[in-house]
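K.L.:
Sequence:
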Amino acid sequence: MQRKAYVPGAAALLAALLAGCTGGSDDDGATDDANPGTVGTASAAAEPGRYRTLPEPCGAAGRSTLDALLPGIRQITDEDQREKAYAGEATHTFDTDRKVGCRWKVESRDATDHLLVDLERVVSYDTSVSDDSEAQELFAKMEDVADLPAPASSSATSDASSGDESGASTGSPTATPTGSASTPSSPSSPSSPSSPSASTSSSASSSASSSSSPTSSSTVPPIDLQPRLLDDLGDEAFLDDALSNAGSTAQQRKVTVAFRTSNVIVTIEYEEQSATLGVAPDSEKMQDNARKLAAQLDDSLTG
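Our numbering puts the first residue of the sequence shown at 1, with every later residue one more than the last.
No lab work stands behind these hints, which were simulated from the structure alone.
Errors might be hidden in some of the hints.
When the alpha-carbon atoms are kept at most 25 Å apart in a straight line, the in silico PhoX-like pairs for lysine-lysine are as follows [unchecked claim]:
hint, residue 1, residue 2
1, Lys84, Lys254
2, Lys99, Lys254
3, Lys84, Lys105
4, Lys105, Lys285
5, Lys105, Lys141
6, Lys254, Lys105
7, Lys99, Lys285
8, Lys84, Lys141
9, Lys84, Lys292
10, Lys99, Lys292
11, Lys84, Lys99
12, Lys292, Lys254
13, Lys141, Lys254
As the structure is a prediction and not an experimental result, all values here were calculated from the model.
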């Protein structure tokens with residue numbers, strides 16, 4: 001009798017164990033299915049910039065280039081002083097892997113020239129932002145600071161020129177250029193204005209006076225010389241041109257060319273102060289020399 005009572009109890013215990021195992025298996029399955037996709041991949045880090053180092057800035061410009069930018073170098077008679085002028089002076093920096101620069105200053109009989117070459121390698125400290133994107137944002141801020149003016153329309157200059165020509169052809173007194181002398185007709189010679197030789201002489205005198213008078217020339221530079229964006233340097237570039245007017249002192253012009261190639265930003269500042277009062281440094285020549293140097297630096301970076 002006792003043995004019969006024992007067998008059913010063992011069977012019940014075995015059934016309970018089997019039921020528990022089955023329930024545990026179902027619970028595990030439910031747990032696994034409750035959190036799909038929990039094992040994900042981390043977001044990929046942004047690509048680093050192309051450049052990891054910077055070139056030596058004082059050797060960035062060749063001697064022929066410096067001769068054009070700093071003509072006073074060739075006037076230095078002392079050989080040691082001339083070599084020192086060619087070498088330039090490195091700017092102070094705390095990290096030559098991030099920022100380097102070089103400056104030159106040379107005086108000549110006609111002008112004093114300054115040249116600065118600055119290179120900065122931009123590095124992003126945000127792993128989600130690439131070095132190139134960081135450099136692009138920094139360069140955009142440089143453009144904002146430069147505050148490049150909108151190109152002046154040539155229509156106003158054209159209209160003014162047409163008006164002057166029209167006035168000159170009708171004999172209007174307002175057509176006389178500022179600073180040029182008008183020659184009144186002599187009362188004792190009423191027939192002199194109709195004389196061909198007198199008319200030719202008067203025209204030649206008026207033309208010479210107009211060309212020699214500094215106030216007769218427009219202070220607005222041609223459109224192709226105005227501050228502007230450039231499309232032939234690096235990934236993006238701009239040029240700025242500013243002429244200081246210090247009254248009775250000599251005029252000084254500053255041409256800035258800046259461009260970005262990947263994560264490196266290059267800035268060239270070229271200044272010239274004329275030794276002659278009232279004579280402004282040549283904008284076209286300075287811009288051409290600065291852009292040639294910028295092209296050389298761009299080639300050295302991308303080459």
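K.L.:
Go through the numbered hints given earlier and state which of them the structure violates, listing their numbers in rising order.
P.N.:
Numbers 5, 7 and 8, in rising order.
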